[in-house]
Amino acid sequence: MYRKKVISAIAAAATLGMLVAGCANQTAPSGTETSGAGGRINIPAISKVDVPAGAVLPAGDGKGTCPSTTTLAYAGAETGPNAQLGINIFNGIQLAINQHNAANPGCQVQFKKFDTEGDPNKATGPVTQIVSEPDIIGVVGLPFSGESKATGNIFEQKGLVHITPSATNPSLTKNGWTTFFRALGNDAVQGPAAAKFLTDKLQAKKVYLVQDDSDYGIGLGTTTSAALGSAMVGSDKVVTGQKDFSAVISKIMNAKADTVYYAGYYAEGAPFDQQLVAKGFTGSFVGPDGVKDDQFIKLAGDASSNSYFTCPCIPGELIPSFETEYKKLANAEPGTYSIEGYDAVTVLLSGIDKGKQSRADLLSWVKSYDADGLSKHYKWDSTGELATPDVYGYKVESGKIVPIGVIGK
Amino acid sequence: MISEVIPTLLHSVPVDDTWITFDVNSFTQNFWSSTFDGLTFGAIYALVALGYTLVYGVLNLINFAHSEVFITGCYGVFFTLSALNFGPSAPRLGFWAIVGNLVLALVVAIIASALMAVIVERVAYKPLRQRKAPRLAFLITAIGVSFAIQYTIYWWRGPSPEAALTMFRPLAIFDVFGTIVDSQQVVIVVAAIILMIATDQFIRRSRTGRGIRAVAQDPDTATLMGVNKEKIIVTTFIIGGILAGAAALFYVMKIPSGVQYNGGFILGVKAFAAAVLGGIGNVRGALLGGLLIGLIGNYGQVLLGSSQWTDVVAFVVLVLVLIVRPEGVLGSSLGKSKA
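Residue numbers (my numbering), protein chains in the order written: chain P, 734 to 1142; chain U, 153 to 491.
These are computed hints drawn from the structure, not numbers from a lab.
Quick reminder that beta carbons are idealized off the backbone N, C-alpha and C, glycines included.
Treat the hints with care, since some could be wrong.
As the list claims (entries may be wrong) - Some chain U residues close to chain P (C-beta under 10 Å, calculated; not the full set):
1. Q181
2. S186
3. K406
4. Q412
Here chain P stands alone, though its shape is the one from the complex (with noise of 0.2 Å):
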């Protein structure tokens, strides 16, 4: 009998608790339509890039010539928490080297995959085999900074040219390393060039900076906000697997800040800026290459709509030669540094339809190279960092990432 009693005492309890959820969803829609995006600049989205006229392609000029053992490599995540990221690179690779081969019949190059599931710690094996395989003459990757720092040291001593599509953390290129090459900017140049975005083209005059606790967030939570200067009216720091935001998003409104930058990856950011959204903040959410995925979408729902990213990577979506034969191998459209594998394959095989086939000639022929590519051009200085790379501003549009044109070099 007692039992029947709690029983019903908790029904009556939860029906309690729903009645007040169900009040506050009435009322609700007034609310926010009135906080709705209010004082949001519109930047319109852009419908293309400018290739370059003279762009490098894969295919080169179809008299390309080599031994039928000529191999390239691609070591990255294929599996893991990460995947979706060398997914999206590694077909960019496999799009290049289907071209070039179908228009060099005298050269087939083979394509090899290396699993490092995007962790630092199983980086090292796979790497040691790309080393000691002696057909293999050029690698793309690693994506991650964590990885490609753990690995430098092995495709130096072996003398193999390796090209990341993807690892933005500077100090990559200071440790002396001559065989690692960047294709895209590094977060010293996102940093001024999120911050130039932030008070130019969104016009924030308080920006609140908020970084996790990764080499990534730090060091670009640095980089950001020694250029945002006076902008800047506050921050804070997040850890990786936080889920609860509450104490920094009250910090935000009291200083009523009307722009946020993340400085980290998605699987905080998201839930972040939902609940950023959901405690009535108006104003807009920014965040790096690290948050551009349509996971951030998925995760923060119709909060994200509030988004802009910032990213040294280019919109290979908008180059229609590109977009379209990618779909057709991949059926999705382009990545996120999709077009940047693409290209940095085609740098090394360009070199071997040039007779570039041994890892000596290939590296030296990376070294001087100076052409461009579809999505830049590329000329690498001595410690392998690009000349000028652009940083490009995506945003949130009906629940898409959608590219809205250099922010920055």
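Start from chain P and add chain U according to the hints.
Frame of chain P; chain U shown alone:
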């Protein structure tokens, strides 16, 4: 993306120049909002903490798999609401439609959690009990079961969290010293406290509750007095599961994208800490401990200036309290009539 996926010892982590700074200004500014958010999360911790406390009271066992009982409830909420067409955007439904849907989700979550609790008990603990295994074996089994369930979910649902589910948009209800209290906070705190009072009364007054207390006090004597010990143990697991299922609904309400294979882990640790802080085995202690852990963590991070301090502060306070009062604030006493 592109920097560290997983932090590695192979390279140094850059450290900011500032280390510990006290931001009293920010603390006074954010005092009330920290309080309300702390209480909201504290209420959720407390509901989960009850599950740890009840099982400990009866079996002297820390059921580490309780965080997975909780996350099972979260998946119950997720699948129910997804099937009812809830999504990332708050649904535009009528008042009673929302109430009905959420009650349904609550029921499913409670059933899922309670079922998982019973399965864990049957599969993992009962055979050990029958073989009179040493206490250490229970502890290791508990940890093992926790990981087994976590990675079964990983294998089934993958590493990413499930899509966000917004139940309703929080609405400002009233204002305390300029800080808005929203409907979400009120729903969670009020419902959690009612559930806890109900549990407390159930254990104090009902026949089954008396049985639970009897087994907690002295299992052998209780058996001699005609209490069915096995039945009491299963009932205890079920009550823990019911409360975890309710906590799951409130958790997903608060964190719409929190449904993830390992999403229960940190919350479980905090709830366990809450149970110990309040006095493990003590029902009212779990409530007090949960609210305290929620509040202390929030105050700490505002005072010290970053979210990275939340857990440091919460657990340092836990250690300090235990040094002074090893039994927890209210003492551990499910068996005694205090419960």
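Let's test the interface hint: is any C-beta of chain P closer than 10 Å to that of K406/U? holds (7 Å)
Proposed interface contact between S186/U and chain P, which counts if any beta carbon pair is under 10 Å: Result: holds, 6 Å to nearest chain P Cβ.
May I ask you to test the interface hint for Q412/U with respect to chain P, counting a Cβ-Cβ separation under 10 Å as satisfied? It holds, given that the least Cβ distance between Q412/U and chain P is near 9 Å, below 10 Å.
Tell me if the interface restraint on Q181/U is satisfied: Cβ within less than 10 Å of some Cβ in chain P. holds (5 Å)
When held up to the earlier numbered hints, the structure conflicts with none and fits them all.
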